[in-house]
Structures are given as C-alpha cells and as structure tokens.
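Chains A and B, in that order, are what the protein sequence lines are. Per full-length UniProt numbering, the very first residue in the first sequence carries number 1; after that it's consecutive. Per full-length UniProt numbering, the very first residue in the second sequence carries number 1; after that it's consecutive.
Among these hints, one or two may not hold up.
[Stated by the list, open to error] Which stretches of chain B does chain A cover? Using the computed rule of at least three CB atoms under 8 Å from a CB of chain A, they are:
#, stretch
1, 96 to 103
2, 120 to 131
3, 148 to 161
4, 272 to 280
[Unchecked claim] Not everything, but these chain A residues come out facing chain B in the computed CB check (under 10 Å):
#, residue
5, L113
6, Q201
7, L212
8, R213
No lab work stands behind these hints: they were computed from the structure. Cβ atoms here follow ideal geometry from the backbone N, Cα and C, with glycine treated the same way.
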Amino acid sequence: MIPYLLRLAVKAVVTLFAIVTVTFVATRLSGNPIDTFLGEGLTTEGREALIAYFDLDRSLWHQYLAYLRGVVSGEFGLSFVDRRPVTTVVAERLWPSGQLLLASVALTIAVSLPLGVLAAVHRRSWIGSAIMVVAFTGYAVPSFVLAIVMVLTFSYWLNWLPVVGNGTWQHFIMPTIAMAGVLIAALTRFTRNAMLDVLGQDFIRTARAKGLRETRVVLKHGLGNASITVISVIGLQIAGLAAAGSVVVESIFSWPGVGQMLVSAAILRDYPVLQFGVIAVAVAVVAINTLTDIAYALADPRIRLARA
Amino acid sequence: MLPQPPVLSVKNLRVAFGSTEAVHGLSFDIHRGETLALVGESGSGKSATALSILRLIEREGGRITGGHIRLACAKTPGTTVEITTLPPAALRAIRGDRIAMVFQEPMTSLNPVMTVGAQLAETLALHRGLRGRAARSAARAALERVQIPEPDQRLDQYPHELSGGLRQRVMIAMALVCEPDVLIADEPTTALDVTTQAEILALIAGLQRDLGMAVLFITHDLGVVSEIADRVLVLKDGHLVEEGRKADLFAAPKSDYARELLAATPRLGGGSPAPLTGAEPVLVLRDVVTTYGGGGIFSRRAPVKAVRGVSLTLGRGETLGLVGESGCGKSSLARTVMRLVDPASGEIDLLGTRIDTLGAAALKPHRARIQMVFQDPYAALNPRMSIRDLITEPAHLHGMVTPRGRDAMARDLLERVGLPSDAAERYPHQFSGGQRQRICIARALSVTPQIIVADEAVSALDVSTARRVTDLMARIQREEGVSFLFISHDIAVVERVSHRIAVMFKGEIVEQGETAQVLHAPRHPYTRRLMAAVPRADIGTAAAGIRQDALALT
Numbered sequence: 001m002i003p004y005l006l007r008l009a010v011k012a013v014v015t016l017f018a019i020v021t022v023t024f025v026a027t028r029l030s031g032n033p034i035d036t037f038l039g040e041g042l043t044t045e046g047r048e049a050l051i052a053y054f055d056l057d058r059s060l061w062h063q064y065l066a067y068l069r070g071v072v073s074g075e076f077g078l079s080f081v082d083r084r085p086v087t088t089v090v091a092e093r094l095w096p097s098g099q100l101l102l103a104s105v106a107l108t109i110a111v112s113l114p115l116g117v118l119a120a121v122h123r124r125s126w127i128g129s130a131i132m133v134v135a136f137t138g139y140a141v142p143s144f145v146l147a148i149v150m151v152l153t154f155s156y157w158l159n160w161l162p163v164v165g166n167g168t169w170q171h172f173i174m175p176t177i178a179m180a181g182v183l184i185a186a187l188t189r190f191t192r193n194a195m196l197d198v199l200g201q202d203f204i205r206t207a208r209a210k211g212l213r214e215t216r217v218v219l220k221h222g223l224g225n226a227s228i229t230v231i232s233v234i235g236l237q238i239a240g241l242a243a244a245g246s247v248v249v250e251s252i253f254s255w256p257g258v259g260q261m262l263v264s265a266a267i268l269r270d271y272p273v274l275q276f277g278v279i280a281v282a283v284a285v286v287a288i289n290t291l292t293d294i295a296y297a298l299a300d301p302r303i304r305l306a307r308a
Numbered sequence: 001m002l003p004q005p006p007v008l009s010v011k012n013l014r015v016a017f018g019s020t021e022a023v024h025g026l027s028f029d030i031h032r033g034e035t036l037a038l039v040g041e042s043g044s045g046k047s048a049t050a051l052s053i054l055r056l057i058e059r060e061g062g063r064i065t066g067g068h069i070r071l072a073c074a075k076t077p078g079t080t081v082e083i084t085t086l087p088p089a090a091l092r093a094i095r096g097d098r099i100a101m102v103f104q105e106p107m108t109s110l111n112p113v114m115t116v117g118a119q120l121a122e123t124l125a126l127h128r129g130l131r132g133r134a135a136r137s138a139a140r141a142a143l144e145r146v147q148i149p150e151p152d153q154r155l156d157q158y159p160h161e162l163s164g165g166l167r168q169r170v171m172i173a174m175a176l177v178c179e180p181d182v183l184i185a186d187e188p189t190t191a192l193d194v195t196t197q198a199e200i201l202a203l204i205a206g207l208q209r210d211l212g213m214a215v216l217f218i219t220h221d222l223g224v225v226s227e228i229a230d231r232v233l234v235l236k237d238g239h240l241v242e243e244g245r246k247a248d249l250f251a252a253p254k255s256d257y258a259r260e261l262l263a264a265t266p267r268l269g270g271g272s273p274a275p276l277t278g279a280e281p282v283l284v285l286r287d288v289v290t291t292y293g294g295g296g297i298f299s300r301r302a303p304v305k306a307v308r309g310v311s312l313t314l315g316r317g318e319t320l321g322l323v324g325e326s327g328c329g330k331s332s333l334a335r336t337v338m339r340l341v342d343p344a345s346g347e348i349d350l351l352g353t354r355i356d357t358l359g360a361a362a363l364k365p366h367r368a369r370i371q372m373v374f375q376d377p378y379a380a381l382n383p384r385m386s387i388r389d390l391i392t393e394p395a396h397l398h399g400m401v402t403p404r405g406r407d408a409m410a411r412d413l414l415e416r417v418g419l420p421s422d423a424a425e426r427y428p429h430q431f432s433g434g435q436r437q438r439i440c441i442a443r444a445l446s447v448t449p450q451i452i453v454a455d456e457a458v459s460a461l462d463v464s465t466a467r468r469v470t471d472l473m474a475r476i477q478r479e480e481g482v483s484f485l486f487i488s489h490d491i492a493v494v495e496r497v498s499h500r501i502a503v504m505f506k507g508e509i510v511e512q513g514e515t516a517q518v519l520h521a522p523r524h525p526y527t528r529r530l531m532a533a534v535p536r537a538d539i540g541t542a543a544a545g546i547r548q549d550a551l552a553l554t
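Hey, can you work out the whole structure from these sequences and the hints?
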C-alpha cells in the first residue's frame with residue numbers, strides 16, 4: 001500500500017506542476033493579458049505600470065521563473081478589486097463550495113447506489129424499468145433548468161425555501177439537488193450496469209450455492225465488487241462537478257463559493273483572482289482524483305497488493 | 001446385506017430454459033461413498049441437471065418443470081426431503097451444508113475482493129454459527145484437509161494471489177467445510193493443466209474415502225471418468241442414453257453414442273502419423289527469445305522471458321505438435337512466429353527468408369504464407385461480418401481476389417472445409433462451435449498458406465467435434481501439403497495429429513523428436529510427468545487409477 005501511495009503522490013505533484021505551467025503558457029499565449037483582460041479605456045501610464053507590475057516587459061523565461069517562485073512561496077498577487085491577496089480571497093470561498101460539493105456527493109451516493117442496486121435486481125420487473133425511466137429523464141435535464149424549476153416552485157409559488165445565500169440548512173436544499181441531479185441519474189445507471197455485470201459472474205453462483213440469503217449475495221458479494229467500478233466513476237463525476245457544475249449552480253443561488261467568484265472575477269476582469277481560482281479548482285480536481293485512486297485501492301485488493 | 005437407501009434420488013427430472021426443454025425426464029440415484037459421473041457434450045443438459053439439484057438453475061434463467069429431487073433426511077433415517085418444492089429458507093439450509101458444489105472456473109468462482117479466510121468463514125457462520133477464532137481455526141482445518149501448504153498464510157490472501165490449482169483446492173475446501181452428504185463437482189478440473197487435474201482428482205477421491213460423501217461428478221472427459229467414477233450416466237441432448245458401471249461402459253458400451261464418444265476420445269498410445277523423411281524445411285527457428293515488459297521509464301523490473309532460446313524446424317507437409325501447460329510460453333512462441341510480437345533475439349526463417357528483421361511493409365507478403373487458427377471460435381469471428389466476407393478477407397487484404405471473385409472463392413473454401421456453400425450468406429452466430437472453427441480454417445486457407453499455426457484450435461470443442469476438426473486438418477494437409485504447428489496442452493490430441501512433437505516447459509523446448517519416440521521413451525522428467533498425469537480412457541490396463549507416485553517430481 002505504501003509504495004502505491006508514494007506513486008500517487010508523485011503523480012499528483014507532476015500533474016500539478018503541469019497544470020501550473022499550462023496556466024502560465026495559456027495566459028501568455030492569448031497575448032498581453034493586460035489588453036485581454038482590461039481592454040480599452042486604460043491610460044498609457046496605468047497600462048505601463050501594470051505591465052511592469054506583472055513583469056510583462058521581462059523575458060518569458062524570467063516571467064516563468066518568477067511565477068514559479070510565486071507559486072512555491074504562495075505569492076499569487078493581489079486582487080484588482082479590493083487589493084487583498086488572491087489567496088485570501090479564494091480561501092474564504094473554498095469552504096462554502098466544499099460544503100455544497102460534499103452535500104451533493106452525499107446525496108448522490110445515498111440515492112443512486114440503492115436505486116442502481118434495486119434496478120439491477122429487479123431488471124425484469126416494472127420497478128427496474130421505472131427507475132431507469134426516471135434516471136434517463138433526469139440525465140436529460142440540465143442543472144440550470146432543474147434549478148430554475150425548483151426556484152419557481154418552492155420559492156416563488158409555495159414560498160417554502162430561501163433562494164439566495166447559505167445561512168441555514170434550508171438554503172442547502174435546492175442547490176444541493178440542482179448539483180446532484182445529473183449525477184444521481186448518471187450514477188444510478190452506472191451502478192445498475194456494474195451490478196448486472198457482477199451478478200452474472202461465477203462467484204455469485206458460488207455464494208448462492210453456500211446457502212447465503214439473496215440480500216447478502218447482492219450486497220456483500222455483488223455490491224462489494226461493483227463498488228470498484230462505481231468508485232472510479234464517482235471520482236470522475238465529482239471532479240467534473242467541482243470544476244463546472246459549481247459555476248452554474250452557485251451563480252443561480254448566489255452561493256458565496258469559488259464558482260460564483262470565478263464568474264464575477266471574469267466580469268470584473270480581476271485577472272489575478274481568475275488565474276489563482278483556476279489553479280485552485282485544478283488542485284481540487286487533482287486532490288479528488290488522488291482520493292479516488294486511494295478508495296479504489298481500498299476496494300480492490302488486486303490493485304492494493306499488486307504494487308506493494 | 002440390505003441395500004442402502006440412496007442419499008440423493010432424482011426421478012424423472014425435467015428442466016427448461018424458457019420454452020425449450022433441456023433435460024427430458026432424467027432419473028438416477030446416488031449412494032453414500034459413491035461417485036456417479038454425468039458425462040455428455042455441450043448441450044447435453046449435464047450442467048442444467050447439476051444446477052437443478054440445489055435449484056440454482058432458477059437464477060440462471062431455467063426452471064424445473066417436472067419430476068422429483070429427494071435428499072435423504074438427516075434427522076429421521078428412511079424419510080426424504082423433496083427439494084423441488086422446498087421453501088427458500090429450508091433450501092438455503094441445505095445449500096452448502098448437506099449438498100455442496102464445486103464449479104469449473106477456479107479463476108472466477110471465488111470472490112476477488114474477499115480473503116480466502118473470509119469466504120470460508122462465511123459458510124461456517126451461516127451453517128455452524130462459528131465466528132471469530134473458532135471460525136478461523138475451522139477454516140484453517142478446512143484448508144489443511146485439501147492439503148494447501150501454509151494454511152495460516154492463505155487465510156489472509158486474496159484469490160488472485162493463488163494459482164489455479166490452489167484456487168480449486170480452496171473451492172473444494174469451501175464446499176467441504178460443513179462435511180456435506182453430497183458433493184456436486186461441475187467440470188472441476190476442465191480449466192486446469194493435466195498435472196494439476198491429476199492432483200485434484202486424487203484429492204477428491206481421497207476426501208471421499210475419508211468423509212464417505214456421495215459425489216456427482218459432471219464432465220465431458222471420458223479420461224477423467226475412467227479415473228474417478230464408480231458408475232456413469234451418459235447424456236445426450238437431455239436424454240439418458242446409457243447408464244452402468246464404469247468398467248462395463250468402457251469394456252462394452254451398449255449405445256451407439258457411447259461408442260462414438262469413446263472412439264472420439266483421444267487416448268495416449270493411440271498411434272500417430274508416421275514421421276516424414278526428407279521433408280524440405282519451411283519454417284526454421286534458431287534460438288528465439290521473446291520477452292515481455294521491462295521497457296517502461298518507471299519500471300525497474302527486468303523483462304519477463306516467455307520464450308527462452310527455442311530452436312525448431314517444421315518440414316513441408318508436416319505437423320509439429322507443441323505441448324506444454326499453461327504459462328509455458330507456447331502461445332508466446334506462436335505469436336512470435338506470426339510476428340504478432342517481435343522476438344528479442346534469434347532468427348525466424350520462413351521459406352528461406354529471415355522474417356524476424358523485416359519491417360511491416362516488407363513483412364506483408366510473407367504474412368500470407370503463414371496463417372493462424374485460434375482457440376476460441378466464438379471470439380475469433382467478427383459477428384457483424386457475413387461468412388463470405390470473413391473467410392475471403394485475408395485474400396482481399398493481400399489483393400489475391402477481385403471483389404467479384406469473393407463469392408466464388410468463399411464457396412470453394414466452404415466446400416474444402418466441409419460446410420455447405422450457402423453458408424456464405426450467413427453470420428457467425430448461426431453456426432456451432434465446431435462449424436465456426438471450420439470457418440476459421442477456411443479463412444486461413446483463403447491465402448493458400450504453406451503453414452497454419454493452430455493455437456489450442458480444438459481445445460474448446462467437444463471431443464467428437466474436435467475429432468472431426470483434426471480429421472479435416474489432416475485431409476487438408478494430405479491434399480494441399482500444408483504444414484501445421486499444432487499447439488495444445490492435451491498430449492493425447494497432439495499424439496494423434498503430429499509427425500513430430502516438441503515439449504515446452506518454462507519457455508524452453510525440453511524434448512523434441514518423432515512422436516512415437518518421444519512418447520514411448522520420454523527422456524526429460526517433465527515429459528514423463530506430463531504423460532503420467534494424462535487420464536486414460538483405456539480402463540482395464542494396470543495403469544488405471546491415480547498414479548500418485550509418478551506425479552512426484554521436484
């Protein structure tokens with residue numbers, strides 16, 4: 001297990017270095033970031049000052065090294081809007097985003113694993129068909145449509161739930177469902193297919209021949225094996241959600257998270273915040289993927305032991 | 001002496017999948033301490049019968065449509081339990097406790113994410129209420145009973161850490177952990193090498209003596225039957241065609257089908273083609289080495305040598321049999337000869353051209369001269385292509401046939417492999433395993449190769465089908481002078497078809513020569529061990545029974 005973890009750590013560091021470098025190259029490729037982000041209406045002196053501030057008059061190599069130094073020492077510059085360090089700006093947004101992400105993931109797992117298992121076990125009856133119809137429909141509904149329908153129903157007409165902010169637990173209900181919606185649909189389908197695959201295998205017959213109850217056959221022997229493939233998908237989906245889903249949902253519900261911050265930073269052309277925000281999201285994705293790999297190894301002894 | 005009542009009695013059993021009946025009224029009894037072999041080819045209903053006894057068939061898409069399955073009651077002697085109508089809870093109490101099963105595939109029949117110990121403990125907790133330390137020591141005893149070395153260590157291992165033979169021992173330990181009255185073994189040795197098979201058969205026979213259980217042994221292999229059975233039932237298409245004592249079946253089969261089956265079963269010492277003299281060599285291997293892995297940037301592991309310095313010669317019109325057990329490198333050698341993998345060193349000389357050094361473009365014309373037939377005829381044919389397109393594709397790729405000529409070529413090829421010419425219009429799923437293997441041979445023949453590499457080409461087929469396919473190969477060789485590199489783990493089949501034999505062990509050819517010479521006077525200890533492990537269908541010779549002593553080889 002230890003060598004496996006070391007490999008994961010090396011992989012994560014290499015990936016992060018690549019992301020940091022690509023972010024640097026991408027911003028420089030698109031021309032002078034001052035012109036790109038600040039556009040017209042800047043005085044010549046202001047422009048010159050900014051160029052000097054960002055070292056844009058120096059060689060690319062020099063800029064890159066300075067940038068790497070900044071990354072390593074945690075210096076990412078100040079926000080254009082309120083002159084605070086971007087690290088502080090992003091840091092205070094991380095926890096609300098993380099809360100929303102955790103709530104969505106918990107809801108997804110709590111709903112789609114049982115549904116997927118049920119759909120597999122009852123694949124020939126109406127129960128299985130009904131679950132799959134709901135899952136397919138859910139997959140077709142984009143999160144912003146789901147969010148808007150929920151806002152109209154539960155806030156505008158029924159006036160049950162608050163729309164804006166993250167003060168109370170009621171605030172969590174709609175954003176969590178909006179983020180989890182597509183994920184639940186996808187994961188239910190995936191769990192069902194993984195279970196169908198596993199339930200057709202020889203060791204399931206062995207388990208039945210032992211005289212085990214069907215519930216134990218399905219949950220212990222079936223889900224125990226299906227979870228290996230399900231985990232990898234959960235990891236990928238969460239990573240995608242952290243990167244993209246939060247932008248839409250946080251904007252709709254004015255959730256004070258990283259996603260909403262990225263949108264407003266783009267509108268305000270707060271370039272340092274934007275750049276660090278992208279890196280922060282990338283770090284989150286790498287972290288989630290690494291955690292997925294660890295969970296994967298815990299679920300599957302063949303991976304855990306092959307590298308030990 | 002009063003006749004003992006049977007421990008398990010099956011009367012007029014009918015099993016159906018959907019609207020198709022697979023078993024048409026089968027009856028048999030098994031007594032304590034007896035081994036009853038259920039023999040038949042694929043589709044005979046033998047596995048459906050085995051799965052019906054514990055009503056596992058209901059989970060595999062089938063159902064029992066009639067008849068009785070009666071198990072002698074453990075508590076009150078003389079009465080029986082009717083399994084076909086048993087409620088679920090009572091049925092589960094019998095499964096794994098009074099009747100246990102061992103399945104064919106040890107690789108897939110154990111749960112890969114549970115330790116061996118946990119899987120054994122599960123049964124003990126269920127039927128014996130044992131937990132914790134008591135369960136562990138009982139599980140350890142179960143592993144000891146099946147002679148697994150270092151049982152304590154094995155309990156904490158996962159199935160993938162064990163070899164196929166050890167896994168099958170674990171399966172048997174699991175089945176016997178509650179000392180059942182009946183053990184149903186469904187092709188338990190079919191997926192194993194012959195030497196491992198011999199060990200497992202000896203183990204089952206020994207355990208049966210110790211525990212006095214009844215064994216229902218399902219197999220397609222008459223050789224295995226001759227090793228283990230007391231009585232034999234021969235099934236064909238869901239009907240019982242013959243029943244009797246083993247000795248009677250082998251000495252004087254009553255039914256035509258049993259006679260046919262016996263005739264088709266390859267037996268060691270059944271004769272081989274006379275060696276050719278002065279055949280011009282068409283394929284020469286000199287010191288070929290094939291390695292896998294080791295090239296990666298992050299890999300510090302040394303490359304694995306699958307083939308270690310093999311030298312072989314194949315003459316025109318000759319069949320060279322290559323025998324060895326799984327993992328010995330015979331398939332790697334075949335792939336190397338085909339240049340599907342590149343050799344690490346050595347020379348491959350095909351019809352006077354060294355092909356081991358040729359690039360992809362230069363190699364292409366030579367590929368038509370050597371073709372391959374694979375083991376699994378179901379996986380080797382693209383299900384979406386018609387037979388015409390499938391069997392003329394190699395010729396098409398080599399520009400040996402015009403688009404208009406493909407139809408005529410397909411018909412000609414089909415005729416040569418003994419299939420009707422209207423098969424060209426059809427698709428692979430419409431054919432049986434044996435017919436598909438003929439289609440694969442037709443495909444190989446389309447480019448008029450001088451050499452065909454047959455890698456376990458008849459191993460997945462029933463004996464009578466395999467017999468017809470090897471007969472077809474022999475006819476093609478006679479008529480067209482094709483040379484065969486015939487690779488198989490089954491030394492008896494190899495004997496029947498090969499002019500010469502090469503025995504492969506751990507990547508090396510340990511012995512080669514004329515078939516009769518190698519098999520009558522094997523020089524290498526591995527060849528001797530391999531031959532000793534082959535079950536013999538020739539009952540009545542002193543060699544019958546398990547030759548445990550011959551297996552002992554360091």
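Legend entry - chain A covers the stretch 120 to 131 of chain B, three or more CB atoms within 8 Å, holds or violated: n = 4 at 8 Å, threshold three: holds.
Legend entry - Within 8 Å of chain A (C-beta), three or more residues of the stretch 272 to 280 of chain B: violated (count 0)
Inset, instruction - Identify whether the interface hint at Q201 of chain A stands, where standing means a beta carbon of chain B within less than 10 Å of its own. - result: 6 Å, holds
Inset, instruction - Identify whether the interface hint at R213 of chain A stands, where standing means a beta carbon of chain B within less than 10 Å of its own. - result: This interface hint holds because 7 Å falls under the 10 Å limit.
Legend entry - Verdict on chain A covering the stretch 96 to 103 of chain B, where coverage means 3 or more residues with a C-beta closer than 8 Å: holds (count 5)
Legend entry - L113 of chain A as chain B interface residue, shortest Cβ-Cβ below 10 Å: L113 of chain A check fails; min Cβ-Cβ to chain B is 16 Å, beyond 10 Å.
Legend entry - Interface restraint verdict for L212 of chain A against chain B (beta-carbon cut-off 10 Å): Holds, about 6 Å.
Inset, instruction - Establish whether the coverage given for the stretch 148 to 161 of chain B by chain A is satisfied; the threshold is a Cβ-Cβ distance below 8 Å, and no fewer than three residues must meet it. - result: With 3 residues close enough to chain A, the hint holds.
In this structure, the hints that do not hold are numbers 4 and 5, in rising order.
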